[in-house]
Amino acid sequence: MLQLSTSCLGGTTTFVTYGALLSESSARTTFPQLYNFRLVRVNGYRRCFAHPHCFLVSRGLTTGNRFASLSAEKSAGASFIGAAFSVELDQTQQRAFLEREAEYSVEEIDMQCIENIGTKHYNLKSPVFMCLASTDAQLKRRSHPAIDQFSTVWNFTRDTNLLLPADVYLRHLLLAVEKAGPLASQSLLDDTFLVDRLTSLRSYLHRPGVREMVMTATPPSDLALRFGG
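Using the numbering used here, the letters of the sequence shown correspond one by one to residues 68 to 296.
Calculated from the structure, these hints are not laboratory results.
Among the clues, some could well be false.
To be verified - Restraint ranges, calculated between C-beta atoms of paired labels, are given here:
1. Arg209 - Glu175: 33 to 39 Å
2. Lys246 - Arg278: 17 to 23 Å
3. Thr202 - Asp226: 15 to 21 Å
Fair warning: this is a prediction, and the values are worked out from it, not measured in the lab.
Built from N, CA and C at the ideal position, the CB exists for glycine as well.
All chains, please: the whole structure from these sequences, using the hints.
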């Protein structure tokens, strides 16, 4: 299993998130004791639907080519609105977080990439981590089950005929980001891209019938909290 830097164990760690955890209430389902929650601009990274949502696929909760999850990757000139918050990370929290985000590469990022916005400003003095796009080779080294489930996880062709956002997950994102306010909501729509890295999420949702299809894709009752926004 991927490990976070040992320097953050038993001390303050800052996470930068860009999906459902843009909502403070959603973030607290993973880190109940988080603090200094605020919106930030993340520079030099692109947010895109570029790999399978392994959990939803395993539960049979995706349809056709609509099974993508969200990730971030380095991209010069790109940026998006994310959320930053701090936790006093112990081994139990670390384990729970890494199990939940097992297909990603959880990496320390340069604090210079993070720009405070809005009225809540906090100095970043601790390690800053973000879930980034990984590689198939990394998943193989960690014996991740998705390697046996898909021919590739992190090397999908940039073709929206092959991969689109998972409906249940996208509904969850849209509901969650509403709680984060208009700045985060607009950024999710305009600064998030499909697997082709060209089509914005806003453009995708403007396609005939897509938004209605997504918003009616409710999760089963046992996942209502996790995927309920």
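Point to revise | Violated hints, by number in ascending order, as checked against the structure | key: 1
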